[in-house]
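S.K.: Can you make the complete structure from the sequences, with help from the hints?
There are 2 protein chains.
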Amino acid sequence: MFRETYRSHLTGARTGELATAHGVLRTPAFVAVATRASVKAVEPAGLARVGLQAVIANTYHLHLRPGEDAVAALGGLHGFSGWHGPTMTDSGGFQVFSLGAGKEHGVGKVASIFPGDDDAPRARGASLVKLSEEGAWFRSVVDGAECAFTPESVVTVERKLGADIILPLDECTSPLHDRAYTQAAMERTHRWARRAREAYRLLADDPTFPNPGQELFGIVQGGAYEDLRRESARVIGDMDFAGFAIGGSLGRSKDDMWRVLDWTIPALPSDRPRHLLGIGEIEDIFAAVARGIDTFDCAAPTRMARNGSVFLKGAPRHRIHLRNAAFRTDDRPIDPSCDCPTCAEHSRGYLQHLCRSGELAYYRLATLHNLRFLVRLLDEIRDAVRGERLAALAAEWGTTLG
Amino acid sequence: MFRETYRSHLTGARTGELATAHGVLRTPAFVAVATRASVKAVEPAGLARVGLQAVIANTYHLHLRPGEDAVAALGGLHGFSGWHGPTMTDSGGFQVFSLGAGKEHGVGKVASIFPGDDDAPRARGASLVKLSEEGAWFRSVVDGAECAFTPESVVTVERKLGADIILPLDECTSPLHDRAYTQAAMERTHRWARRAREAYRLLADDPTFPNPGQELFGIVQGGAYEDLRRESARVIGDMDFAGFAIGGSLGRSKDDMWRVLDWTIPALPSDRPRHLLGIGEIEDIFAAVARGIDTFDCAAPTRMARNGSVFLKGAPRHRIHLRNAAFRTDDRPIDPSCDCPTCAEHSRGYLQHLCRSGELAYYRLATLHNLRFLVRLLDEIRDAVRGERLAALAAEWGTTLG
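Sequence order for the protein chains is A and B. Residues in the first sequence are numbered consecutively from 1, following our numbering. Residues in the second sequence are numbered consecutively from 1, following our numbering.
It cannot be assumed that every hint is accurate.
[To be verified] In silico EDC-like pairs for lysine to aspartate or glutamate, Cα to Cα no more than 20 Å straight-line:
{"hint": "1", "chain 1": "B", "residue 1": "130", "chain 2": "B", "residue 2": "146"}
{"hint": "2", "chain 1": "B", "residue 1": "130", "chain 2": "B", "residue 2": "178"}
{"hint": "3", "chain 1": "A", "residue 1": "40", "chain 2": "B", "residue 2": "146"}
{"hint": "4", "chain 1": "A", "residue 1": "40", "chain 2": "A", "residue 2": "281"}
{"hint": "5", "chain 1": "B", "residue 1": "40", "chain 2": "A", "residue 2": "281"}
Hint data in this document are derived by calculation from the structure and do not stem from the laboratory.
M.R.: Here is the structure:
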């Protein structure tokens, strides 16, 4: 399903084509987060209009509402949502983390370095998850009902949801977990991966599911420990998954993140695609692509848009905050060089007014811009990889390859 | 600015063309409510796509935020919002009512017959408005600051906002006001209308304002009292306004509403357009058009959409409620005969999921459908007026001409 179209001589970067049952992803590619089968504030036609290539929905949330049977009855995720391009589903493993240890530890995937920029709950509290060898028991955030996830049940749910690429149940550990816990969790995740692979094989030929072309990826865990990451990449890499995702704790700093990728990627089969879960800051994108990441997802660009923070190359952190009083009568678009529908039609002054007034039209306009910005950034990055100019492009963006 | 293109022999209905500085409105026409220069949840390009002809913004709300000077600096309402079609601004008179007597009396414009379907506050409370001969004093709902509106200041604010059609400050009385109060308020509204007319004349040739083609309409008041309505129509009708709006209390029943129109419209100059403020239920539209109303605005269709209630001809009250469990796996669009972007792409089942999940994408999709529905209904109505089939069309819609 994956074809490498160019491999850099200077870095670990590559370009490729990831063929799915719903079209080909040109990689490296940004995958937008559509937790409940909707990228927040933007309808699928709008996603297509800004050139977005793929979305990732969440198995846990869709299982709770509307339920996988309802999604399947409406044609699977594609028929259900009207998004006709490539899709992925995350497994619920991140929810095992964020409702469990993330809540107990009060941290996200990377401890304390991105305050407000990830999905982890900020307030500490008791875990809402119980884990055993068999699987994970949650309380539903919708109605409080108990809800069990096993590696097998998650694959069944995902077969019904019908995404093009599905991920097995894993345990995403916290940066504050110690080595012993991280190792035990990793080993359980490996056993779960084998069970998921078997369940997937048994269901693979069942024509009742909405997407026969669906592929299962494996997830590498191991926290920020070198030997564990190398072992996890080797074990998961040997299981003949169609591709691989890198999940779990990425340590306590950006440098820790890059090291995790440096340990992991060389140990994975190079003919398969590599997805980095939940990372998408601009400097992260350059560093991850330079290490051979093909796809990545992140909720931050869309969440930032909703909070008033929109991308502008060259501004501090390549963002401006629309609530800033300086923009009140600014008649320029967010980015005069942007070709998104928002920049074509609306000024910073009007967007500030909509944002400050809480007008619903604001959220879509700001989100379309941030999505278009990332789509164009990845277009530039693919060109730079093929032209062996990735480091120069990173420098142009005020960052490095890490 | 108004040209009657057909006058019915059978009813008071007519078709016409209302020429503004930003295009021609084919009448009868629905005007969407864009209180803060945004139809809730839909960007201006989306409004154009569903064929909407005009919007009405609110002087009071835009004065408070972002302020008329900010709007003027960004090119007036058209440049500011990116909506390039005809616009109106209401004067703030309705806020005099809803923050004042409406709050004291706990009622809307029509007492108790449309629970939940108008903008009046439901809870009774102390008035937040003080009225005098000079004007009205409000507390800002944004920051609590005191804010004075006089007939002259409102015209100045509206000149800066730059809508194509502006309305003078008036006092919208409550259905629970007695005859003496209603008469005194009407007479003051007449004096305010004269002051507004004079202020408008003094500012008409000032090139610093963003819309030199702006026209001032008069507002008829008089509550549900026949002699007062006839007097107000005569007095306001004699003041050489470019058109007329019918405001204020419309009584306690639909029959009261029709009677108010029956008293008012024949007393107005027939060569000028007639706008009905704040009314837009389907049966109201037929009855109002049959009496000679050319344009009308109503927030209900867009608010209903946000609450899950979407139009479907033939359903009870021509609406279905998307939260209804029966739609969970319904793969049909809201209306299979509808040509809106929502019905082209999305099923009732998906829309229910978005609505129940509070997904932001829901609000735009539902609102686009309800707007398109009204645009097409008014297309049908104009055809029916020209074909002398308005009563038959009303019957087809399960209603009458009232």
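S.K.: Next step is simple, just say for each hint if it's right about the structure.
M.R.: We went through each hint and held it up to the structure:
1. A hinted pair counts as satisfied when its Cα atoms are at most 20 Å apart, and residue 130(B) with residue 146(B) qualifies at roughly 11 Å.
2. For the hint linking residue 130(B) to residue 178(B), the alpha-carbon distance of about 19 Å falls within 20 Å, and the restraint holds.
3. This hinted pair does not check out: residue 40(A) and residue 146(B) have alpha carbons roughly 38 Å apart, beyond 20 Å.
4. As the CA atoms of residue 40(A) and residue 281(A) are separated by approximately 18 Å, the hinted pair is consistent with the 20 Å bound.
5. Between the alpha carbons of residue 40(B) and residue 281(A) the distance comes to roughly 31 Å, so the proposed pair goes past 20 Å and is violated.
In this structure, the hints that do not hold are numbers 3 and 5, in rising order.
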